[in-house]
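Undergrad: Residues per chain, in single letters:
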Amino acid sequence: MNAENLAKAQELIQRFPQKSSALIPILHLVEEEFGYIPQEEVGVVADVMGVTSAYVESVLSFYTLFHRQPTGKYLIQVCRGLSCQLMGADELSKFLYEDLGVERNGTTEDGMFTVEAVECVALCKNAPAVQINLEFYPNMTKEKLQGFLDKAREEVRSGA
Amino acid sequence: MPETRLLFKNIDVPGIDRIDVYEQHGGYQTLRKAVLDMTPEAVVSEVMASNLRGRGGAGFPTGRKWSFLPKDGRTRYLVCNADESEPGTCKDQEIIYKDPHLLIEGVATSAYAIGAEDAYIYLRGEFKVGYQILERAIAEAHEKGYLGDNVLGSGRRIDITLYLGAGAYICGEETALLESLEGKRGNPRLKPPFPATAGLYGMPTVVNNVETLSAVVPIIAMGGAEYAKLGTEKSAGTKLFSVSGTVRRPGNFELELGKVTLRELVFDLAGGPLEGREIKGIIPGGSSVPILTPDKFDTLLDYEALQAAGTMLGSGGVIVLDDRSCVVKSTLRLMEFYRHESCGKCTPCREGTVWLGQVLERIESGVGRPGDLDLLADLCVNIEGRTFCPLGDAAIGVLKSGLQLYHDEYQAHIDQGCCPLGEVVR
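Sequence order for the protein chains is A and B.
With the numbering used here applied, the first sequence corresponds to residues 393 to 552, in that order.
With the numbering used here applied, the second sequence corresponds to residues 571 to 996, in that order.
Possibly wrong hints are sitting among the right ones.
Here are the simulated PhoX-like pairs of lysine-lysine, each with C-alpha atoms no more than 20 Å apart in a straight line [what the hints assert, rightly or not]: (1) B:799 x B:579; (2) A:486 x A:536; (3) B:804 x B:829; (4) A:411 x B:754; (5) B:799 x A:400; (6) B:698 x B:668; (7) A:465 x B:698.
For the record, the hints were derived by calculation from the structure and aren't laboratory data.
Kindly generate the complete structure, drawing on both the sequences and the hints.
TA: This is the structure in structure tokens:
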């Protein structure tokens with residue numbers, strides 16, 4: 393973790409009546425900083441929390457939002473909850489897998505996009521829903537996804 | 571048959587997420603009334619009198635839950651369950667994202683009532699933006715003296731801490747949520763002891779859903795007796811229903827309990843079936859409850875009527891399936907969900923959901939075997955009531971009912987070696 397996050401971790405440890413509560417928020421800091429939880433950071437978190445690396449592993453492996461592999465700049469999560477599936481979520485995932493040439497949970501070679509099919513994200517009334525990084529995208533279509541991919545690629549191209 | 575909006579009264583007001591707009595619409599008057607004019611006991615009495623029942627799914631009377639806290643002087647905690655994860659349910663999300671101060675006022679008022687200085691809001695990990703919205707709203711409430719060391723000059727300290735989960739449906743179960751809030755794996759705890767006696771950090775704790783705590787605001791504003799006049803005797807007040815799936819106008823609707831039928835909700839408010847389709851089944855209370863066929867669509871939406879119809883009100887997540895929706899495929903999808911979300915603690919749930927998923931998968935893909943439907947039913951018997959927490963029962967709700975109600979559709983998959991509906995195109 394960088395110095396800023398190490399300081400935040402110490403604050404988190406002070407914030408709760410019991411130190412143990414800080415573990416999940418600290419793992420969120422790591423995930424945010426690296427886009428996943430690198431193996432060496434497990435030891436860093438363990439030291440900060442005063443627990444073993446094995447214990448940290450046991451907790452982080454329980455939660456699906458903590459990634460153990462690097463994710464792309466854009467993490468595209470297609471909701472596969474029943475309501476979204478009924479409204480065509482499978483077609484959205486299929487489109488993304490084919491367009492980006494990745495399998496489920498795969499990342500494009502340029503590190504731009506990761507595509508996941510995830511469980512219900514609680515946007516059922518706007519099915520099919522997609523979450524990209526933090527933002528929810530309601531009532532998605534293949535066309536809207538294509539538009540997003542084009543825009544993201546354009547941004548990277550012009551920024552490079 | 572209109573909506574009855576108490577919780578959603580201001581949901582469409584532009585800028586209601588900002589404290590000045592919220593105050594202009596009467597916001598924080600309830601907290602002021604409670605903290606300055608009422609004793610904590612009086613607030614609890616009003617909630618008792620309101621007959622409010624927990625809106626997260628179980629429907630347990632809220633006032634009674636609060637009354638279980640032992641009077642032994644130990645630190646008490648209030649925990650708000652904002653881990654909205656039941657497939658088909660998206661009502662809490664709308665409150666958090668659009669009207670965060672309603673939730674904060676409800677949490678603060680309830681914390682005052684039960685004598686908790688510290689309240690926690692546990693949000694599912696996907697609600698990171700909701701976390702930021704609440705973070706800003708809490709800061710605004712601190713500035714205005716609605717939260718902090720001396721709330722509205724009353725001498726009472728009330729503070730709210732946000733906690734972000736990390737993707738685990740089981741953390742919606744209250745004891746699993748407490749484990750997670752303590753930074754651990756979200757395995758459910760053995761009950762008793764119940765959270766009221768040994769909850770967060772082993773202290774007396776009340777865990778209530780977002781909608782439940784938000785409802786405390788109108789209850790204290792109008793009085794418990796007045797609130798109890800809404801709805802029916804055993805199903806008092808209003809409830810948020812999320813309608814999703816194959817309907818024209820999916821959305822969240824706030825209804826007086828026991829006054830509106832499932833048909834009116836789905837066909838009138840939510841616009842009915844898509845063009846040229848027919849609705850063949852509705853899961854009325856989130857993905858964990860038995861499905862209803864059209865002959866039951868005139869059931870009133872309240873706890874007792876839905877129970878009498880063989881299902882449950884649950885979280886109010888209404889999922890609509892039409893004549894182009896394959897029951898086997900939909901049930902398989904749900905089973906994959908429960909298989910993924912089982913914490914693995916109990917064998918019937920951990921192994922059962924995997925086995926059920928395998929059998930459903932082969933039926934759906936056209937290679938089902940003659941005895942498979944009996945096997946599914948038998949596996950259900952071996953899961954139901956045999957697990958530590960309700961996830962096992964939840965996993966078989968739609969399957970068990972569907973095996974009876976849509977037996978022919980299941981059988982046709984096996985007999986024809988494919989889905990009788992053909993390729994579903996949307």
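Undergrad: All hints, please: hold or fail.
TA: Results for each hint:
1. B:799 x B:579: Holds, at roughly 18 Å.
2. A:486 x A:536: holds, 14 Å
3. B:804 x B:829: Since the Cα atoms of residue 804 of chain B and residue 829 of chain B sit roughly 13 Å apart, the hinted pair holds (cutoff 20 Å).
4. A:411 x B:754: holds, 11 Å
5. B:799 x A:400: The hint is violated at about 49 Å.
6. B:698 x B:668: holds, 14 Å
7. A:465 x B:698: The hint holds at about 17 Å.
When each numbered hint is compared with the structure, a violation occurs for hint 5 only.
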